[in-house]
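Q: Residues per chain are reported as follows:
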Amino acid sequence: MSALPRAAELGLIGCHVCGLTCRTVPGDDRLDGGGHGEEMACPRCGSVLHRRKPNSYARTWALLIAGFLLYIPANVLPIMRTASLNDIDDNTIISGVVELWVKGSPDLAVIVFTASIVVPMLKFLSMGLLLLSSQRGSGWARPQRAKLYRLVEFIGYWSMLDVFVVALLTALVRFSLLSRVEPLPGVIFFGLTVVLTMLASMSFDPRLIWDGRDTDD
Amino acid sequence: MSTTSPEALLICEHCDTVYRRRTLERGEVARCARCHAELERHHALSVNALLALILTAMIVFVQANMWPIVTLGLSGQYSGTTLWGMIITMWQQQAQVVAVLAAFTLFFFPMAKMLSLGWLLWFARRGRRAPGFVPLMVGLHYLGPWTMSEVFVLGALVAIVKAHNYFDVVADPGIYAYAALTLLITIFAGVDLRQLWELTPEDPA
Ligand SMILES: [Zn+2]
Chain G
1 MSALPRAAEL GLIGCHVCGL TCRTVPGDDR LDGGGHGEEM ACPRCGSVLH
51 RRKPNSYART WALLIAGFLL YIPANVLPIM RTASLNDIDD NTIISGVVEL
101 WVKGSPDLAV IVFTASIVVP MLKFLSMGLL LLSSQRGSGW ARPQRAKLYR
151 LVEFIGYWSM LDVFVVALLT ALVRFSLLSR VEPLPGVIFF GLTVVLTMLA
201 SMSFDPRLIW DGRDTDD
Chain F
1 MSTTSPEALL ICEHCDTVYR RRTLERGEVA RCARCHAELE RHHALSVNAL
51 LALILTAMIV FVQANMWPIV TLGLSGQYSG TTLWGMIITM WQQQAQVVAV
101 LAAFTLFFFP MAKMLSLGWL LWFARRGRRA PGFVPLMVGL HYLGPWTMSE
151 VFVLGALVAI VKAHNYFDVV ADPGIYAYAA LTLLITIFAG VDLRQLWELT
201 PEDPA
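These protein sequence lines are chains G and F, in that order. Residue numbers for the first sequence follow this note's numbering, beginning at 1 and rising by one. Residue numbers for the second sequence follow this note's numbering, beginning at 1 and rising by one.
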């Protein structure tokens, strides 16, 4: 046993929902998804106990790929139409960033670029990396990978920024013929991308990073 | 180890490492030696202080939702909106998905979070478990990151700057209420609500 014992080695299991330390019966494989049809519940909050989030790899991959597929139309399709008396202008995520930049708000342009482009791309790349390395049981850079996961989890929901910008501008710019803003399908794809990537990072179990070959501790 | 009771142990949520629990000093944060995730933190705020914060947040939330957020002016015409005005407009403009997302992440989820916390803390003040304690605590765990008021405040700022190039922009009281709400949410983000499980003893069945 190493200096830092892990729950399974001690016959313990931590409830994912309330954090209670529960004792398990040795050799009980129900918690590993042994498929006996019955499940063990946390005595404190009643949630089903799992050593690892169920089907973590399959679920995370599915949600991540679905999110990535929707991210393509989210970027290609316009998210917002601004219409005035003499012209109609369709904006994509990128053209919205460029507009902020050239109209003299480079700081906000950077914020929107980060929330709409950098964060989603970082999520796709990081989650893909975490999934592949953990599935191979890799011992490479475990503390850094654990940190990367916590970062992805923490910043993920800020991507909703552009969705709220479009929604607010649509509600505000309502000057009949003079000036109007309408949402376009890109914003719907983008909103769904954010939800799917959030679900993906929630489905991933960071404990998997530390499973597999113990090479570095 | 076999003599230690499970309550005296703490399991890191991020890597499953087991620790013996110890009493934390004021302001101290216990971190996992293996993955460096936060294990537990000392809470400077009492239950009463948390309850006061939640009640303040509720009042500010009502104002943030009732008052208009921003008003735009263009050649003598004015157009403003509240949060619900925005949600309804998105619904009417064929962006029902966005309307539903906004309604839940900016209204229903934050409201559910505040109401259940207020309810739980009200009873926790007297060291008791509120009726419905267990399902509410489980519900709060799942609500987790699905409240986005702070993202909306930043979004409103971006929208104001964008609109500023074409319209006269008047920031309405709603946006200030939202800013105050963000501050309160930030304070609450540092509170580990799981302490309520230990703070209140289980009622003898
Ligand atoms: Zn850890």
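In short, the hints are calculated from the structure, not lab data. Possibly wrong hints are sitting among the right ones.
Stated by the list, open to error - Pulled from the structure, derived: some chain G residues nowhere near chain F, Cβ distances all over 12 Å:
1. P54
2. I72
3. V112
4. M121
5. G128
6. S176
Stated by the list, open to error - On the chain G side, residues computed to face chain F include the following (Cβ under 10 Å):
7. M160
8. R174
9. L192
10. L196
Said to hold, decoys possible - These stretches of chain F come out as covered by chain G in the derived footprint (C-beta under 8 Å, 3 or more residues):
11. 47 to 61
12. 80 to 90
Glycine included, every Cβ here is placed at the ideal spot set by N, Cα and C.
Q: Give a verdict on every hint.
A: Status of the hints after comparison with the structure:
Every CB of chain F lies more than 12 Å from the CB of P54(G), the least distance being 15 Å, so the non-interface label holds. The claim that I72(G) lies off the interface holds: its Cβ sits roughly 17 Å from the closest Cβ of chain F, which is beyond the 12 Å cut-off. A cut-off of 12 Å between C-beta atoms contradicts the statement that V112(G) is not in contact with chain F; the least separation is 6 Å. The beta carbon of M121(G) sits about 18 Å from the closest Cβ of chain F, which is more than 12 Å, so the claim that it is off the interface holds.
With 12 Å as the threshold on Cβ separation, the claim that G128(G) sits away from chain F holds: the shortest Cβ distance comes to roughly 19 Å. Residue placement check: S176(G) does not keep its beta carbon more than 12 Å from all beta carbons of chain F (closest about 8 Å). Below 10 Å, beta-carbon pairs count as interface contacts, and M160(G) has one with chain F at about 5 Å; its hint therefore holds. For R174(G), the interface hint holds, since its Cβ comes within 10 Å of a Cβ in chain F; the closest pair sits about 5 Å apart.
The closest approach between the C-beta of L192(G) and any C-beta of chain F is roughly 7 Å, which is under the 10 Å cut-off, so the hint is satisfied. Using the Cβ-Cβ criterion of 10 Å, the hint placing L196(G) at the interface with chain F is not satisfied: the shortest such distance is roughly 12 Å. Requiring three or more residues with a Cβ within less than 8 Å of a Cβ of chain G, the coverage given for the region 47 to 61 of chain F is violated, as only 0 such residues are present. Note: the region 80 to 90 of chain F has 7 residues with beta-carbon separation from chain G under 8 Å; the three-residue rule is met and the coverage holds.
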